[in-house]
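Residue numbers (the numbering used here), protein chains in the order written: chain A, 1 to 276; chain B, 1 to 569.
Hints are not guaranteed to be accurate.
In silico EDC-like links for lysine to aspartate or glutamate, alpha-carbon gap of 16 Å or less [as the list claims (entries may be wrong)]:
(1) K331/B x E75/B
(2) K331/B x E140/A
(3) K143/A x D118/A
(4) K197/B x D277/B
(5) K4/A x D48/A
(6) K331/B x D19/A
(7) K98/A x D19/A
(8) K105/A x D88/A
(9) K79/B x E140/A
Pairwise CB distance ranges, derived in the manner of DEER restraints [to be verified]:
(10) I233/A x G329/B: 46 to 56 Å
(11) K27/A x N7/B: 42 to 52 Å
(12) F192/B x Y268/A: 49 to 59 Å
(13) Q247/A x F192/B: 20 to 30 Å
(14) P562/B x T216/A: 50 to 60 Å
(15) V65/A x R407/B: 25 to 35 Å
(16) T216/A x K79/B: 30 to 40 Å
(17) P553/B x Q247/A: 50 to 60 Å
Note that these hints are calculated values from the structure, not bench results.
Just so it is clear, the structure is predicted and the values come from calculations on it, not from any experiment.
Cβ atoms here follow ideal geometry from the backbone N, Cα and C, with glycine treated the same way.
Now for the letters of each chain:
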Amino acid sequence: MRPKYVFRLPVYADSICPDVFADKSLKEISELKLWEGNKQRTIGELFDVQETPFDPDEDAVIRLVGDLQKVRTVGCNMSFGKLLIEGDIGMRLGEGMKGGEIIVKGNVDSWVGCMMEDGKIEIHGSAGDYVAAPYRGSTEGMKNGVIVIHGDAGNEVGCYMRNGMISIEGNVGEFVGIHMRDGTILVRGNCGGRTGAGMLDGKIIICGRVSSVLPTFTIDSVKSSVKADGEKIKGPFYRFTGDIADQGKGKLYISKPLNPHLSFYEKYLQHESFRG
Amino acid sequence: MSLLIRNGFVYDPINDVKGEIMDIAVKDGKIVEKVNERTAKMIDCSGMVVMPGGIDIHTHIAGSEVNAGRLLRPEDHYKDVEIKTLTTRSGVGHSIPSTFTTGYRYTRMGYTMICNPSMPPLEARHTHEELEDTPIVDKATFPLLGDWWFALEYLREGMIKECAAHTAWMLSATKGYAIKIVNPGGAEAWGFGRNVKDLDDPVPNFGVTPREIIRGLCKVNRILNLPHTIHVHTNRLGQPGNYLTTIETMRSVEDLSNGCDPVIHITHCQFSAFKGDDWATLRSGAEEIAKYVNRHSHVTLDMGQIVFTNTTTMTADGPWQYTLYELTGNKWVNHDVETETTAGIVPFVYRRKSYVHATMWSIGLELALLVEDPWKIYLTTDHPNGAPFTTYPRIISWLMSRKARERILKRINKRARKRSLLPSIDREYSLYEVAIATRAGQAKALGLTDKGHLGVGADADIAVYGFNPRQTDASRDYRVVRKAFEKAAYTIKSGEIVAKNGVITKKTEGRTFWVDLGISSCAEAASCPEILQDMKKRFRDYWTVELENYFIPEAFLKSSMPIQVKSEV
Numbered sequence: 001m002r003p004k005y006v007f008r009l010p011v012y013a014d015s016i017c018p019d020v021f022a023d024k025s026l027k028e029i030s031e032l033k034l035w036e037g038n039k040q041r042t043i044g045e046l047f048d049v050q051e052t053p054f055d056p057d058e059d060a061v062i063r064l065v066g067d068l069q070k071v072r073t074v075g076c077n078m079s080f081g082k083l084l085i086e087g088d089i090g091m092r093l094g095e096g097m098k099g100g101e102i103i104v105k106g107n108v109d110s111w112v113g114c115m116m117e118d119g120k121i122e123i124h125g126s127a128g129d130y131v132a133a134p135y136r137g138s139t140e141g142m143k144n145g146v147i148v149i150h151g152d153a154g155n156e157v158g159c160y161m162r163n164g165m166i167s168i169e170g171n172v173g174e175f176v177g178i179h180m181r182d183g184t185i186l187v188r189g190n191c192g193g194r195t196g197a198g199m200l201d202g203k204i205i206i207c208g209r210v211s212s213v214l215p216t217f218t219i220d221s222v223k224s225s226v227k228a229d230g231e232k233i234k235g236p237f238y239r240f241t242g243d244i245a246d247q248g249k250g251k252l253y254i255s256k257p258l259n260p261h262l263s264f265y266e267k268y269l270q271h272e273s274f275r276g
Numbered sequence: 001m002s003l004l005i006r007n008g009f010v011y012d013p014i015n016d017v018k019g020e021i022m023d024i025a026v027k028d029g030k031i032v033e034k035v036n037e038r039t040a041k042m043i044d045c046s047g048m049v050v051m052p053g054g055i056d057i058h059t060h061i062a063g064s065e066v067n068a069g070r071l072l073r074p075e076d077h078y079k080d081v082e083i084k085t086l087t088t089r090s091g092v093g094h095s096i097p098s099t100f101t102t103g104y105r106y107t108r109m110g111y112t113m114i115c116n117p118s119m120p121p122l123e124a125r126h127t128h129e130e131l132e133d134t135p136i137v138d139k140a141t142f143p144l145l146g147d148w149w150f151a152l153e154y155l156r157e158g159m160i161k162e163c164a165a166h167t168a169w170m171l172s173a174t175k176g177y178a179i180k181i182v183n184p185g186g187a188e189a190w191g192f193g194r195n196v197k198d199l200d201d202p203v204p205n206f207g208v209t210p211r212e213i214i215r216g217l218c219k220v221n222r223i224l225n226l227p228h229t230i231h232v233h234t235n236r237l238g239q240p241g242n243y244l245t246t247i248e249t250m251r252s253v254e255d256l257s258n259g260c261d262p263v264i265h266i267t268h269c270q271f272s273a274f275k276g277d278d279w280a281t282l283r284s285g286a287e288e289i290a291k292y293v294n295r296h297s298h299v300t301l302d303m304g305q306i307v308f309t310n311t312t313t314m315t316a317d318g319p320w321q322y323t324l325y326e327l328t329g330n331k332w333v334n335h336d337v338e339t340e341t342t343a344g345i346v347p348f349v350y351r352r353k354s355y356v357h358a359t360m361w362s363i364g365l366e367l368a369l370l371v372e373d374p375w376k377i378y379l380t381t382d383h384p385n386g387a388p389f390t391t392y393p394r395i396i397s398w399l400m401s402r403k404a405r406e407r408i409l410k411r412i413n414k415r416a417r418k419r420s421l422l423p424s425i426d427r428e429y430s431l432y433e434v435a436i437a438t439r440a441g442q443a444k445a446l447g448l449t450d451k452g453h454l455g456v457g458a459d460a461d462i463a464v465y466g467f468n469p470r471q472t473d474a475s476r477d478y479r480v481v482r483k484a485f486e487k488a489a490y491t492i493k494s495g496e497i498v499a500k501n502g503v504i505t506k507k508t509e510g511r512t513f514w515v516d517l518g519i520s521s522c523a524e525a526a527s528c529p530e531i532l533q534d535m536k537k538r539f540r541d542y543w544t545v546e547l548e549n550y551f552i553p554e555a556f557l558k559s560s561m562p563i564q565v566k567s568e569v
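Isolated chain B, as found in the complex (with noise of 0.2 Å):
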């Protein structure tokens, strides 16, 4: 089937086209020169905006971790109910939405790819499982390795290579697409009560600290050769002062970068950059965290902005989630996954006239703001830890308008608006910047070139927003802009139309990526029989799964989207 999607305002900040406009061609779900027009579906866009189907780096989706959250807050259910539809079926769910109800929830608003940040190994059939139950939209599952304990050995050893080796074993057994570390060596120190302090504190019965953890999954991570940087969740997170130890993190890898591609990606970062104390002198730390990264080339971030709205909380950073639940006395989940990592879940209300609460809402925008370059920070809510991806087009417009963010700032905490930043930036993201933000950047980030673009060759995952961007002024009308992108008017997916006017018309199958590193079976484990009898011995010895039974097949995926790449083991 071909489309000929005519006349829109065309946003691809891959290919420098900013505004124009243009027809967009599409057949067989890729993007093309031409099309018959006599034969095409014409979809007319004029007065609206095109952009690349939207993508989400980091929004806990799916998995044993968002299973147990559903679990723990029948109460989230009740609010907020899909009915089914003849194309839809029903669900339920605000922060943490059935997985149904998740795939139609990111077409609407225009997304068509979305990264589900952490998944603990032994968990990786159960996710795969839960994405594939979501529609639509395509996937991938980064698995945590930074309390991976062949990998902690390894790297004490120094053994670089054979950790490398191990990994992309690793990344092909659990069918992941990145490597993801979170507070590395705490979850580990979490399984015996502890915590680690900062980034050269050892991790308790390995010796080996959060440092050479991070640097040596970086090294791994370019032996590789993976499309992703690694994706750390940083050591400290949510703690008074920890801006320090998300500078220090940023700083150990600079070496390790050539000079101009980013080896780093610290996620969520308004979580990870707080200065002060303790609770009462909580400060920003964006402006130290945005100065860094304004002057280095080797990081991305991305926001994890909170809104002030009732959610759940949910990591692997077990230690925090206790910390969490010690904090609201709320009911609770912490669980440790055998001997990989840790888990916590706690409902989470935020409230405007919290200063601290207030604080992080702020310290999230002043990131986004200060950091000069969008191709270096995207748009996330930590979904659901910051607050539900459905508040996505409410972040849209604060970015693009300072009204809309000085509305919020006369409501919130008094000690916080005083201390705030934000009325001292006056800058406001062009749409260009929203789609870099928002989708290129990701795209750019996830080393995904089939997708965040509108070029000839890229899949047709489209969204066009119901707004006319020459006639809109976003800073003065934000709540057209959010309206827009609340409900986009067309979402195209793989060349179908599979939403219009937020009404999903037409029910697909989302594909799954992952890094196809030529490892195909268990046996291909490690590099000589001795490392092979050894880890089956472990395997026996501490986990309830035999080795053989770990290694996901590839037929075990229903749309199995395999990425080559040519690592150098």
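So here's chain A without its partners, still in its complex pose (with noise of 0.2 Å):
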């Protein structure tokens, strides 16, 4: 699929997603209804549909291609199949996932993966704000499935997360795992401040520089290495518990060579009275 033009107004595209397009033919697809703007249009008079032989044995793929910064909402509720997307995307992409792949080979808008139930969803290039966050006001966040971010993320990554996996190669912005009830958030890159804000269980690892750790977080430990999805990572790293101040028991791991500025923290670890 190609877009026709260079859409102005934000396209809602809940119906380009492979449960919707199951079973139909190339011209029931191209009628199905999406918003543009306040004006609801069909899949035909906004895109270029085409149809390629593939072979049967693999999963039938959706391919995007194209300027799609506009579009959102695609891959809604998504349950198997692939989406691949050749070129930037906008906000919502796999919301509510419950399974199947995306894999974008561009950048993402906002919300990438909001309240995902499993999945998988690849980013080749760098994610907004909120990644696999709930929608605004609700405590569901992401429960299961996996994000791999291979550029940068914005701010607020997997808020209210309650299971699976965020890998982010680049840099995040603040609030990494804000309100996060479960699951592992790697970081590769350095990451703002904030870090793990309100959080009760879980772990966040920052392989690279913070600026900062919350005055609500209490060092436990210095381990050599950690564990994220069955890979080991090296460190060491300094290991803190918290958000104490809403009696979390997250863990926050972050590199202890980049972050000299917290080595204060280590005189805390020799004093056994200091200890979490």
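Taking the hints as your guide, dock the two standalone chains into a single complex.
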């Protein structure tokens, strides 16, 4: 699929989803409804849709090519199949996803994988804010699944996350893992402040630099390595627990060699009485 | 315009009509003896149930509190969207729907009058503006007076007559319909971070006890001759062991009754019927309360049933909402309305597998089934505290069918099931009793003479439900009944068909009912100029609003419906 023109208005494309496309002919797919601004349109009006022969043994793939920055809610509630996106795509990609796979060769906007329940999202570019976060006001964050981002990500990654794995190769913004309940967030790059604010449980691993750690986290120990989703990541790491303000037992691992300014925490480790 | 509703099975408890096949004639918004059959629009209701329009005595649908709840819960709106049509406006909200959606959803279920039970007097303007935006249905609202400074002071001094004169002014100033009392004294104490422990615990800084407040306002209610009784949310609501406080509250006004008419309405009684010392030993106190209510005629109740769903709790009982926040750890709002009252909001999920929630579910139904006289207990969920009002059809099916109750019982917490009284109760409501609990009884309790019945002269508010009561066994086919109550075949409001098969066909404005006690301006606030001067000074010292701006003139209400009341002051 390829957009016919550059969209100026947001396009809400819940219908671009393997579950909806399944068992439909090309003509039926072209007639599926979506919204452009406040006008209801069909996929055929906005996109060039082509069918290519594929190997029946393999999973069917929906391939989207072009500038899709205004296209939102693609792959909403999908439960199987594969979406391949070549280009930048808009907000709420893979919202409430229950299975299947989304691969983006480009950047994505905010709320990618929001309220995701299972499946895999792989982004070769960068992602916006609120990766895997729940809808505003809700506490039902990501329940399971994997999100891999090869680039950077914005603020509040993994907000209210309940389980699953988010792995980011680049840098992230502030409030990583805010209100996190469980699951793992791995950041290979640097990270903005206020990491893990309000977290109750789960694991956040920062391999890069962090400006500071919230005062509601207490140092626990220094670990030489940490496991994330079966992979052993070499440290050493400072291990903090928190957020104590919320009686949380979350674990926050922060690289020791890249954060010499946190070395003052080590003196608390020597005093038995300071140990959490 | 005239209508003729033909051949329906009519259930009209006030006129003692029990499912007889009758024609109902409607002309100019009223029910009449007969209409010209050639010009009247015929509605064939053969094989359908015809009832007066539903009335809800207690539902939080408007005001600052509800609006704060809307702001607090974007995720509640996201899940439930109402799309714009040619006749209706768009809206959102599962547990706290927007005003228009509230009106439409009540209309679809065949309801035509709803009462907003908690209005901080200061927020009266806001509340009336929202009520005006709630289309189709008629409305009334009750100002909170149980923690009103002037009332507390008058009652401390035992000045009942003066208190009555002041209350008359207050009701006129806020265009209210009845006296609402929430956790008497407790909300005032909460302003200082405290609560009252029971009926005889004096309110800090005032020295008056909750018992004196309830008794005093009950006497005031009688002096003013108000159509409804005092509407009481009891002390210690939501705390284990509070059923004793509830019984004591009812007992405290026993001697004020003339022997037959009710003098007190205990609202959302389920939340006030907990036995036990703490949450682990929580038991149902429904049996004791029902026993008391069965033996006395001065009390009416409403259920406050819970349904297992995601909802939002909101009451003027600030200390209780704080406790709820501590229990859930959820986001919350707590608010002190200047000198007047408090409010709290906490989103809440009732879970089947929770012992406490399952017990609460059982208590509500036990109350409804153990109180023998259906004229004494009405169906509510204390929307949205127990559940959104859209769950009423489900509760009707539980009341009408033992089988429907057992289906849920099987799936609730094991320990709660073992302790529940429901398996031992065989009673099933008849359709006639449902008509009492959802309209006739509530109309009677509210003192609405033109509503809740289909006699000649009554308002033509009629609900038609699409099932045949002679062929449908509600006990077995409870799903059919539930579906029918969810979407009324016809809702007729003031003689116009406003909804058909769950689709709104006409947009009309409902009226706002208020008691007209003959006070039309701010200056009539007091019997003598000294008291007026004193009130002005107090308002200047403690309120953000001047006394002169406090009074809502009748012209403020777009569709005002004053109920003339002859008071003794």
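Outcome of the hint check:
1. Distance restraint check for K331/B and E75/B: the Cα-Cα separation of roughly 12 Å lies within the 16 Å cut-off, and the hinted pair is therefore satisfied.
2. A hinted pair counts as satisfied when its Cα atoms are at most 16 Å apart, and K331/B with E140/A qualifies at roughly 13 Å.
3. For a cut-off of 16 Å, the pair hint linking K143/A to D118/A stands: about 7 Å separates their Cα positions.
4. The straight-line distance between the Cα atoms of K197/B and D277/B is roughly 14 Å, inside the 16 Å bound, and the hint therefore holds.
5. Taken as a hint, the K4/A and D48/A pair is honoured in the structure, with Cα atoms around 6 Å apart against an allowance of 16 Å.
6. Taking the CA atoms of K331/B and D19/A, the gap is near 35 Å; set against the 16 Å cutoff, the hint is violated.
7. Simply put, K98/A and D19/A have alpha-carbon atoms about 11 Å apart, close enough for the 16 Å limit, and the pair holds.
8. A threshold of 16 Å between alpha carbons decides the hint, and for K105/A with D88/A the separation of about 8 Å falls inside it, so the pair holds.
9. For the given pair, K79/B sits about 13 Å from E140/A by alpha-carbon distance, which is consistent with the 16 Å threshold.
10. Hint check: I233/A to G329/B, Cβ distance near 32 Å, so the stated range 46 to 56 Å is violated.
11. Taking the beta carbon of each, K27/A and N7/B are about 50 Å apart, inside 42 to 52 Å as hinted.
12. Restraint check, F192/B to Y268/A: a C-beta distance of roughly 40 Å breaks the suggested window 49 to 59 Å.
13. Taking 20 to 30 Å as the suggested C-beta distance range, the pair Q247/A and F192/B conforms, at roughly 28 Å.
14. At roughly 57 Å, the beta-carbon separation of P562/B and T216/A lies within the given 50 to 60 Å, and the hint holds.
15. Distance hint for V65/A and R407/B: a CB-CB separation of about 52 Å, inconsistent with the stated range 25 to 35 Å.
16. Checked against the given bound of 30 to 40 Å, the beta carbons of T216/A and K79/B, roughly 32 Å apart, stay inside it.
17. At about 53 Å, the beta-carbon gap between P553/B and Q247/A stays in the expected band of 50 to 60 Å.
Checked against the numbered hints above, the structure violates hints 6, 10, 12, 15; every other hint is satisfied.
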